[in-house]
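Trainee: If you want the building blocks of each chain, they are given just below.
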Amino acid sequence: KAGVTQTPRYLIKTRGQQVTLSCSPISGHRSVSWYQQTPGQGLQFLFEYFSETQRNKGNFPGRFSGRQFSNSRSEMNVSTLELGDSALYLCASSGGSGGGEQYFGPGTRLTVT
Amino acid sequence: GQNIDQPTEMTATEGAIVQINCTYQTSGFNGLFWYQQHAGEAPTFLSYNVLDGLEEKGRFSSFLSRSKGYSYLLLKELQMKDSASYLCAVIPLGGYNKLIFGAGTRLAVHP
Numbered sequence: 004k005a006g007v008t009q010t011p012r013y014l015i016k017t018r019g020q021q022v023t024l025s026c027s028p029i030s031g032h033r034s035v036s037w038y039q040q041t042p043g044q045g046l047q048f049l050f051e052y053f054s055e056t057q058r059n060k061g062n063f064p065g066r067f068s069g070r071q072f073s074n075s076r077s078e079m080n081v082s083t084l085e086l087g088d089s090a091l092y093l094c095a096s097s098g099g100s101g102g103g104e105q106y107f108g109p110g111t112r113l114t115v116t
Numbered sequence: 256g257q258n259i260d261q262p263t264e265m266t267a268t269e270g271a272i273v274q275i276n277c278t279y280q281t282s283g284f285n286g287l288f289w290y291q292q293h294a295g296e297a298p299t300f301l302s303y304n305v306l307d308g309l310e311e312k313g314r315f316s317s318f319l320s321r322s323k324g325y326s327y328l329l330l331k332e333l334q335m336k337d338s339a340s341y342l343c344a345v346i347p348l349g350g351y352n353k354l355i356f357g358a359g360t361r362l363a364v365h366p
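Keeping their order, the protein sequence lines are chains A and B. Using my numbering, read the first sequence as starting at 4 and increasing by one per residue. Using my numbering, read the second sequence as starting at 256 and increasing by one per residue.
Calculated directly from the structure, the hints in this document are not laboratory data. Computed from a prediction, not measured in an experiment: that's the story for all the values here. Think of the CB as a built atom: it goes at the ideal place given N, C-alpha and C, for glycine as much as any other residue.
Incomplete in silico selection of chain A near chain B, CB under 8 angstroms:
id, residue
1, 36
2, 45
3, 51
4, 53
5, 104
6, 107
7, 110
Required output: the full structure, derived from the provided sequences and hints.
Mentor: What follows is the structure in structure tokens.
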């Protein structure tokens, strides 16, 4: 069974630009969660989608948004990029409706210059 | 809210046993999880506890005491490949799949 995939793996953007990251969950998984990982703040929850609905949102500004498609693939978008948005963005999928194992993808390394 | 504390760094010797502690202050949670993350890689699931007690999975065991606000991960027969960060996380009540992570414990295993 293929794991969680994320594209692109690496991205360099300029301050003020916007970026879209993609995540394909494990086949059959309907829940996709997004996390931001930085050396200073660690792993922080961004949001979770289940069957195309956002169920939870972390404490991030409105510049961070996401969506999920009917095939469970998910995208997250960051608009008006800031230097502090440089991070590893991880998505995780889960086969359950809540509270179970989550499987992480390899992440997208975003660098904002 | 949730506040999760773990030691920042630990060192241990190959073949030994190490216990990584996690203490938390939280209004309630559905489960407590442990993840392993090697440098430059994604976190991988190790174990989770819903009820108090010990969960054993091969060389790894995890323990939870809700009344004491305490969990630990026990790694036996340490191998060099166990050098990694170990992350403690909870899913708050009503949080569905929202994981709240501690800062992680960086474990260095030496010969």
